[in-house]
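Visitor: What follows is the residue order along each chain.
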Amino acid sequence: MRLSEIKVKPNAVFLNIPYDTEFQPLYLAYIAGLIHLGFEPRATLGIPGGTRRLEKILAELAGCRYSVHDLSRVQLDRNLPKTPRFNMPFELGLAVTWAELNPAKHSWFVFEQQPYRIQKSLSDLNGTDPHLHEGRVAGVMSGLCNAFVRPTHQPRVNDMIATHRVITRKLAAILEEAGAETPFEARAFQSLCYTARVAAEKYLRR
Amino acid sequence: MVKQVKVTTPIPSLEDFGESLGLTKTRRNSLAQIILGKGVLANAARRHANIREASLSTKTVAAARN
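So the protein lines, in turn, are chains H and G.
Note that this note's numbering has the first sequence beginning at 1, numbered continuously upward.
Note that this note's numbering has the second sequence beginning at 207, numbered continuously upward.
Extracted from the complex, chain H is given alone in its bound form (with noise of 0.2 Å):
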């Protein structure tokens, strides 16, 4: 299927954020964070490997109204050899493209931890201000909070947080319902997704 027949879901949001341990707070921050503001999160976790899956993340990401950017991870992995993470500028590079070419179909939000860094990182992008999180759950959903404005149900980071607080506390009993060993896993974030709307529901229908 061409790019430009995709059906835009008008309220999903492609994730485009680091996937590992040392993460995984503001993983679960951004779920329940996108959640709260009545998103469905969309990430690339069960794309597999290979020659299409370039063109499947472009599909993906064709498919989502809004797409959001983490570049906070710049340093180099632990891993030999030791690199620094390409992925997430290249998918960012992906999406500033599509909404170029799609203005009406397409917006991406870039999120940084340390201020001025990214114009350091990434200076093209310069003129384009991150959303700064510092490193912190509420720092990410203050982020959504501004990036995302609903004039009639505008969600509160505290109520994020409490969610947030759920999801943690069960996620050893929700990865074993996905048959999951970590978090970054396409089945165990789709269950976090909805196990986080549940949490959510109390503050989302009143």
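Incorrect hints may have been included.
Unchecked claim - One side of the interface only, derived from the structure: several residues of chain H facing chain G at Cβ under 10 Å: (1) 86; (2) 132; (3) 150.
The hints are simulated quantities; they were obtained by calculation from the structure and are not laboratory data.
Every residue, glycine too, gets a C-beta built ideally from N, C-alpha and C.
For this one, chain H is given, so just place chain G on it according to the hints.
Guide: Just chain G, lined up with the frame of chain H:
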């Protein structure tokens, strides 16, 4: 200045959200149980059964009257 958008799309119901994720009803129930506990779902099921039973008995009474 950071980017900001105004979002006006309706928030999907829990059921619609679960379906959109591609979760079966069984999985949705089992995940909901993790968060809400078995008691809450059991109570909801009992309430549903009671309402159905009450509705059936009302229909039986109405049928007997006719």
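Visitor: Against this structure, judge whether each hint is valid.
Guide: Quick rundown of the hints versus the structure:
1. 86: 23 Å, violated
2. 132: 9 Å, holds
3. 150: This hint holds: residue 150/H lies near chain G, its Cβ roughly 5 Å from the closest one there, short of 10 Å.
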